[in-house]
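**Q** Each chain is listed here by its residues.
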Amino acid sequence: MARLLDVLREEFKLTGAKEGCGEGECGACSVVIDGRVVNSCLIPVAQVEGAIIQTIEGFAMGDTLHRVQQSFLEFGGAQCGICTPGMIVAAVNLLERCPKPTHAQIREGLAGNLCRCTGYTKIFDAVAHAAGGK
Amino acid sequence: MTQRAPLHFSLRKEGREKVTGKARYIDDLDFPGCLHGTTVRTAVPRGILKGIRFEGDLPWHEFTIVTAKDIPGKNYVALILHDQPFLVPTDGGRINHPEEPVVLLAHPDRHLLEKARRAVKLDVEALPAVFSIDDSLAKKHLIWGDDNVFKKYRVEKGDVDAAWPKAHLIVEGVYETGAQEQLYIENNGMVAVANARDGVTVWGSMQCPYYVHKALLPLFGLPEEKIRIIQAETGGGFGGKEEYPSMLAGHAALLAWKSGKTVKMIYDRAEDMVATTKRHPSRTRHRTAVDAEGKLLASEIDFVIDGGAYATLSAVVLSRGTIHAAGPYLCPNVRIHAKAVATNAPPHGAFRGFGAPQSIFALERHMNKVAKACGLTPEEFRRRNFIRDGQMTATSQTINEGVDMNRVLDRALEMSGYREKRERFARENPASKVKRGIGFATFMHGSGFTGSGERALGSIVGVEATREGRVRVLAASTEIGQGTNTIFSQIVSEALGVDESLVEVAQPDTRHVPNSGPTVASRTVMIVGKLVESASLGLKQTLLQSGFLSEGYDSAAFREGCAAYIGKHGELKSFSQYKQPPQIHWDDEKYQGDAYGAYAWAAYVAEVSIDLTTYETRVEDFVAVQEIGRVMHPVLAAGQIEGGVAQAIGFALYEKVVWKDGRMMNGQMTNYIMPTSVDLPPIRVAFEEVPYGYGPKGAKGIGELPMDGPAPAILNAIEEALTGLPQASGFGCNEIPFLPESLMKVLEKHRDSV
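Chain order of the listed sequences is A and B.
Going letter by letter, the first sequence gives residues 1 to 134 in my numbering.
Going letter by letter, the second sequence gives residues 1001 to 1754 in my numbering.
In short, the hints are calculated from the structure, not lab data.
There's no promise every hint is true.
As the list claims (entries may be wrong) - Computed list of lysine to any residue pairs in SDA-like fashion (alpha-carbon distance at most 20 Å, straight line):
no.	chain 1	residue 1	chain 2	residue 2
1	B	K1022	A	E23
2	A	K13	B	P1108
3	B	K1022	A	D6
4	B	K1151	B	D1134
5	B	K1022	A	H66
6	A	K13	B	K1022
7	B	K1022	A	K100
8	B	K1022	A	R67
9	B	K1214	B	D1509
10	B	K1022	A	Q70
11	B	K1115	A	G22
12	B	K1115	A	L65
13	A	K13	B	T1613
14	B	K1433	B	R1455
15	B	K1226	B	S1259
16	A	K13	B	R1016
17	A	K13	B	F1031
18	B	K1749	B	T1613
19	B	K1022	A	E57
20	B	K1022	A	D34
21	B	K1022	A	E10
22	A	K13	B	D1030
23	B	K1022	A	L65
My request is simple: use the sequences and hints to build the entire structure.
**A** Spelled out as structure tokens, the structure:
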């Protein structure tokens, strides 16, 4: 059976979610299903019947970036950019669940998304800024 | 903690596309009707290919099948030597490692393709193989050339042999580093279109379009203009997309050539990890003489790296490792023997630091050992030996950069609270189940190609203006996350006095951009950026001298000037080619002279905790202070350091390649562990700035530097933490990765013997 990731990328041409490892380790394929962040590479498409799925493509409103996207841009949270869509999906979801996260909560909340470029520092800064400076 | 965005610096040029998911990487590009390609590999480390069988109940006639017999030109991957084939020859071809490509398959259905890959069987006569540096040096089996050695260097300064008898102390040590996977999050991938009429076009994830171009010329025997290589957005490289993309591009193009269709080849993670290049494993032996004042008298270094089955870039990796082996210290007598040897594993290759992280790990562990033997603190020993302006390195390069390593070290020790923590940990450790330690490393890293390398490359950059006053940079240097697009735009903007929004960077496409050299070796800002600057100044001169522009112009005047010039002459372009600064001299025979135009200088401090219940080591705090000439862009520069430090923490503590008969056994992210967001400490970065005359606005290279220092700093901290622990006495902390299992083995061995 097709994976949700393949359906998003190949049928819907929503290529923001990436395949980094195909086994749920890297989080580059993160999307939100009914409010929960999941690795779309591990989800058989039949499981999402009737669900609401949010991908990175739905976060900006026209030319206006979501504040988390804007913050990643300003703080240098994206370098090569391949983990960025998944990382932003996870960060937005974290702030929805936990609007004023501590530094430890940010680290924990993004632990399912691997980044090889940044050492995560600028990503933490970006998320903290988007949360309102805390 | 309040976060203030550094808005006065330009935002990442392609940042909006990246944060919105609109950036298109190779697997995101849509090629309707394309075939997918895959690779059948050898699985045995060494042998002779006797036959290929296509088994199973599969519609083989639907597949495009390529073997070495289908290669229209020459069957070697052109790089330095021509020893590595694109495909193992079918008529009794030699197999030299277990991931060698033999058969390529293409089909529209990816799932069927995978079934077919598994149904291709190879008949192989196995030969005995070599898997270690020692067995290779001992010529247990002759597997490459007449001595298993790809390359040797010998560096001689002063008279080492005459120095030993004068020594107050002689200290010896052996240090080892393991392979490391680059682990860019985007796997390697290529798409090719190829036919006799139009030639070959390849799009893909890569660092060096002209390396791929060079490799495909002999493969197809076509003229230069018939091979076209285009870089797609690239999801990380770290050296891992320096030489390997030539292989994959060749494979995709061979399938396209035979099928007459577009062929897409995207590796999955497992194939990318096991089959592509990794950091060279290394072993370094040090023998060091010091005088009664703790000053270095003589240093003999034996540096060996495991190159895997083919020569690829090992000679150059070895070169950088060799030159960095003696570090930022003054030693009157130095002898370095260096060798890159063959084993029956996939070729090891470029990875950020390029040999230097290996030899610097050995040196900085060894310097602590020598300090201890002298009864000096690590910092006092280094202060007595730091190289200063006017003094000569191991290759007899006179340092003249105005950099004071004492100052760099002072700042790092102060920022980290080194002295206070060292004392406190020594006091608290005896009563604690968690042992703490703090350690540091001091080092330098050369920018650009080694020796005469940049002169040989002769890189070229162009800038082109449009009638609308927009300026486009024409260069083959790639954006791989490090910020090439942003920095080049900034350099053009500063040189021409035009707004950065009017500057664009052309997509690296060998049909449209000149060869500005590979995106490697910490050279993109210092070397290529300088060419961007001089090409921009050339364009400005052209406008000024032709009278279409006068000094003190604004954006509108610039636009009018461009339009008028182009109206008269048709186009407005300016090119600049690298010329070696006159003071640089290098002797390739003796390996003496000015190894690099400039160095970045650094002191890194790591604080660790070791839990004796779980044997887990964590880095709790990290301070990185470096002098890099002018900091071009504080956000990007800090991002390079933080990312490099994270990767190097992985090198030191987490990332172990498990080998069995030349194959990587843990080719998954579940069992090859890179640092996550919860594993890393705060990484605090500071810069010293002493402008370098031949870099753009004084900038030097930065990309590789942060890979060098963390591993020895961490192991130095671990040694401190374990001091006073009787079970650990005699444990050298001389091998990385240092895993919980490494410590468990030592401590439990002691327990069993008590």
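**Q** Now look at each hint and say whether the structure bears it out.
**A** Status of each hint after checking the structure:
1. Under the criterion of a C-alpha separation no larger than 20 Å, the hint pairing K1022 of chain B with E23 of chain A is inconsistent with the structure, at around 24 Å.
2. For the given pair, K13 of chain A sits about 18 Å from P1108 of chain B by alpha-carbon distance, which is consistent with the 20 Å threshold.
3. Pair hint K1022 of chain B plus D6 of chain A holds up; C-alpha atoms about 17 Å apart against a cutoff of 20 Å.
4. Under the criterion of a C-alpha separation no larger than 20 Å, the hint pairing K1151 of chain B with D1134 of chain B is consistent with the structure, at around 16 Å.
5. Restraint check: the Cα-Cα separation between K1022 of chain B and H66 of chain A comes to about 14 Å, which is no more than 20 Å; the hinted pair holds.
6. In summary, the hint linking K13 of chain A to K1022 of chain B is supported, as the alpha carbons are separated by about 11 Å, within the 20 Å threshold.
7. Among the hinted pairs, K1022 of chain B with K100 of chain A is inconsistent with the structure: their alpha-carbon atoms are about 29 Å apart, more than 20 Å.
8. Using a Cα cut-off of 20 Å, the hinted pair K1022 of chain B and R67 of chain A holds, with the two alpha carbons roughly 17 Å apart.
9. Among the hinted pairs, K1214 of chain B with D1509 of chain B is consistent with the structure: their alpha-carbon atoms are about 14 Å apart, no more than 20 Å.
10. With a C-alpha separation of about 15 Å, the suggested pairing of K1022 of chain B with Q70 of chain A holds against the 20 Å cut-off.
11. Between the alpha carbons of K1115 of chain B and G22 of chain A the distance comes to roughly 18 Å, so the proposed pair stays at or under 20 Å and holds.
12. Distance restraint check for K1115 of chain B and L65 of chain A: the Cα-Cα separation of roughly 43 Å exceeds the 20 Å cut-off, and the hinted pair is therefore not satisfied.
13. Only pairs whose Cα atoms come within 20 Å are accepted, and K13 of chain A paired with T1613 of chain B is rejected, the gap being roughly 50 Å.
14. Simply put, K1433 of chain B and R1455 of chain B have alpha-carbon atoms about 56 Å apart, too far for the 20 Å limit, and the pair is violated.
15. Restraint check for K1226 of chain B and S1259 of chain B: the C-alpha separation of about 18 Å stays at or below 20 Å, so the hint holds.
16. With a C-alpha separation of about 19 Å, the suggested pair K13 of chain A and R1016 of chain B falls inside the 20 Å cut-off, and the hint holds.
17. A C-alpha spacing of about 12 Å is found between K13 of chain A and F1031 of chain B, which places the hinted pair at or below 20 Å, so the restraint holds.
18. The hinted pair formed by K1749 of chain B and T1613 of chain B meets the criterion: a straight-line CA distance of about 15 Å does not exceed 20 Å.
19. With a CA separation close to 8 Å, the supplied pair K1022 of chain B and E57 of chain A stays within the 20 Å bound.
20. Proposed proximity of K1022 of chain B and D34 of chain A is contradicted: the alpha carbons are some 23 Å apart, above 20 Å.
21. Between K1022 of chain B and E10 of chain A the CA atoms are separated by roughly 15 Å; this keeps the pair inside 20 Å, and the hint holds.
22. A distance of roughly 9 Å separates the Cα atoms of K13 of chain A and D1030 of chain B; the hinted pair therefore holds under the 20 Å criterion.
23. Restraint check for K1022 of chain B and L65 of chain A: the C-alpha separation of about 12 Å stays at or below 20 Å, so the hint holds.
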